[in-house]
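Sequence lines, in order, name chains S and B.
In the numbering used here, each residue carries its 1-based index in the first sequence increased by 1329.
In the numbering used here, each residue carries its 1-based index in the second sequence increased by 770.
Simulated from the structure, these hints should not be mistaken for lab results.
Since the structure is predicted, the reported quantities are computational estimates derived from the model, not experimental observations.
We put the beta carbon where it would ideally sit given N, CA and C, even for glycine.
There may be inaccurate statements among the hints.
Taking lysine to aspartate or glutamate pairs in the EDC-like style, the calculated list, with each CA pair at most 20 Å apart, reads [said to hold, decoys possible]: (1) S:Lys1416 with B:Asp837; (2) B:Lys844 with S:Asp1445; (3) B:Lys802 with B:Asp847.
Computed, partial: chain B to chain S, Cβ under 7 Å [as the list claims (entries may be wrong)]: (4) Phe798; (5) Glu801; (6) Gly868; (7) Val899; (8) Leu900.
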Amino acid sequence: MPPRADRAPSAVSLIWGIVATQSTAAAPAQPKRMGGTLYRGREGMWSWVLHRITGVAIFFFLLVHVLDTALVKVSPEAYDAVIGAYKTPIMGLGEIALVAAIGFHALNGLRIILIDFWAKGAKYQKPLFWTVIVLWIVLLAGFVPRQLMHIFGGA
Amino acid sequence: MAQQSIGSVLVPAPGTKYERYARRPRRFNLEKWAWIYMRASGVLLAVLIFGHLFVNLVSGEGVKQIDFAFVAGKWADPFWIVWDVLLLWLALIHGANGMRTLVNDYATRPALRRVLLGLIALATVALLVLGTLVLTTFDPCLGATAETAAAIPQCAIK
């Protein structure tokens, strides 16, 4: 099959992209291969990879979450029994991972919208990525201690 | 070869003496509307989900407070029913379209692609129907005892 510009990179080309990024980083004397591209190498590519991975994770959680919530129609006892599983320490840590995934996906999604609709969005895509990371850390700094208190704290 | 799909048509390639294959113009461009939907729903979902997470996981006792009575307390108020119906529809369709994009990118075997796209559609429709029925037929007074019913105005009348 001939290579097409509108196709997303395959696993092979993705790995090649990573290798190429690293090799140009190791040899700064060489001309930059990745310069001027939005979706290959560095911030543009990694935000794209993370957006896909977090998106898939959130989708599968959503499927389970609609089903567990539907148990309210079975009986209050059935709902309470299953939702009790969400309150264990391990699931409590899982909820931190979930909120981290949702937080990144949401913030990076807003970054994508800025890149698409704001005239200077594409130009500032890298600072926008690091803005996403900073806001994401702030978000988790607010949530994680609170969640740890809820799942490990007394009362 | 790959470009020559059924919906394609030869058009002049600007700036060259050659022709290229382009999609035949259609009345309804699914990909365009899917692209717009992802961005429009994304903005709304950012608000709806952060609100959902704050009320359920941050405020009060966080995840420890969630039980039938907590859900009944929320869904006794139409505000949260509307909030959660919006969340259900916007998020599931947003997620399903995202999964469709991934399947189209990575599942190159046509038979496998059809199966995966079918499964996504099936799961999405089933959960939209189930979730909507749950939200619109929920009875917050179910299983309410004398003291828990006091917290929900419409249950106290019974």
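Each hint tested on the structure:
no. : hint                    : result
1   : S:Lys1416 with B:Asp837 : holds (10 Å)
2   : B:Lys844 with S:Asp1445 : violated (37 Å)
3   : B:Lys802 with B:Asp847  : violated (37 Å)
4   : Phe798                  : violated (20 Å)
5   : Glu801                  : violated (10 Å)
6   : Gly868                  : holds (5 Å)
7   : Val899                  : violated (10 Å)
8   : Leu900                  : holds (6 Å)
Going down the numbered hints, you'll see the structure goes against 2, 3, 4, 5, 7, while the others check out.
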